[in-house]
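K.L.:
Sequence:
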Amino acid sequence: MRIVIIGGGAAGFFAAITAAENNPDVEVIILEKGKNVLQKVKISGGGRCNVTHACFTPRELVEYYPRGKKELLGPFHQFMTGDTMEWFDSRGVELKIEEDNRIFPVSNSSQSIIDCLVQSAENAGVKVWLNQNVQSVNLKENQFEIITGTDTIIADKLLIAAGSNPKIWALTETLGHTIIPPVPSLFTFNINDKRIKELPGISVPNATVKVSKTKLEGSGPLLITHWGMSGPAILKMSAFGARILADKNYQFNIEVNWLSKSEDWVLKILNRTKEEHPKKQVAINSPFTDLPKRLWEKLVLSSGIELDSRWVNLSKAQLQNLANQITKGVFNANGKSTFKDEFVTAGGVHLKEIDFKRFESKLHKNLFFAGEVLDIDAVTGGFNFQNAWTGGFIAGNAMS
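Number 6 in my numbering belongs to position 11 of the sequence shown; there are no gaps in the numbering.
Note that these hints are calculated values from the structure, not bench results. It is possible that part of the hints are untrue.
[As the list claims (entries may be wrong)] Quick list of the computed label-pair ranges, beta carbon to beta carbon: (1) F51 to I175: 26 to 32 Å; (2) K64 to P216: 22 to 28 Å; (3) N244 to K192: 20 to 26 Å; (4) S85 to H345: 34 to 40 Å; (5) N18 to T284: 58 to 64 Å; (6) P216 to K65: 24 to 30 Å; (7) R238 to K275: 44 to 50 Å; (8) L302 to P195: 20 to 26 Å; (9) N18 to D242: 45 to 51 Å; (10) K64 to K37: 24 to 30 Å; (11) T145 to G42: 30 to 36 Å.
Even glycine gets a Cβ: it sits at the ideal position worked out from N, Cα and C.
Please build the complete structure, drawing on both the sequences and the hints.
P.N.:
Spelled out as structure tokens, the structure:
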């Protein structure tokens, strides 16, 4: 029996290793279009590879997936974050959990993960064919004919794990599958606003951001960049709102609450500061430790308060303006930027057409899918890789 896997990424390798280790009599071939395998693993996490996340309950883990939440609950009961850690650990790759619960190799190098996967595949007898540009897949009775630029290969079982690849999606449509049109996920917002223009690099630990006229909301650390805003609060919202924001052509207003506190609470603190420190200068005496000094200064100026004003001189209206700037400042987002090397898209093979007990097509027996080729994506933090490991493991088992 021959298993062919299109795509030499995380999901493809994990499936190949699982299948070959389960059944040494099976021939397993990975077809990779490039001259190197596992390229996304190499660049992820700034070259450190964020392998998975320290969330060990399937029901909690699925909450990080804007698309695929319902479908992944069962699979995560079969192969979970702890299983991923054990898998790499048993092969000599020590992992560590960082403060924010992201999991990396102790070596701080993605090469440790690549070497482990490549070596495991080699040990299991997996063949890796490079520079294989798949041009078509045809059903031949109970087999698959895969035509590349250089070869024609017959497979008894086929796994498509080629990531977010428009060409492979088009090819999948020829097999009768529906493709949900891809849109970007995990991106930062371009914002040109004098309140943040000179503050790149400044961050707040817990902001809440809402997209005006929608139910979209994200909270967490927020980072001001040269081009606008980034950080977990923004990225999470861009993932959950991928389709809504694409429909708006990335032109929308956001409301920023820099402290994630109510307007009344902030106003109360401002009034108390006015009573307790009347003679102090407003611009250099912020009552909020979570607001960096330079950001506080900009918010003060934007509230119509002069930099040399004393607390005692602030009118009721000025205090109200300042509370508004802190809790519901409106910023205009005009476009997006890709977040570092996280090329994540929302879109792919329609999930209704997949049997998630096996990651097998419901339309064709012995055709499997795993990883980002499916309409599954997650927020940043190791979750997209966990989807790849889980899908690869289950598909690999099913195929062997």
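K.L.:
Does each hint hold? Answer for all of them.
P.N.:
Hints versus structure:
no.: 1; hint: F51 to I175: 26 to 32 Å; result: 30 Å, holds
no.: 2; hint: K64 to P216: 22 to 28 Å; result: 23 Å, holds
no.: 3; hint: N244 to K192: 20 to 26 Å; result: 24 Å, holds
no.: 4; hint: S85 to H345: 34 to 40 Å; result: 36 Å, holds
no.: 5; hint: N18 to T284: 58 to 64 Å; result: 60 Å, holds
no.: 6; hint: P216 to K65: 24 to 30 Å; result: 28 Å, holds
no.: 7; hint: R238 to K275: 44 to 50 Å; result: 48 Å, holds
no.: 8; hint: L302 to P195: 20 to 26 Å; result: 21 Å, holds
no.: 9; hint: N18 to D242: 45 to 51 Å; result: 46 Å, holds
no.: 10; hint: K64 to K37: 24 to 30 Å; result: 28 Å, holds
no.: 11; hint: T145 to G42: 30 to 36 Å; result: 32 Å, holds
The structure fails none of the hints (numbered hints given earlier).
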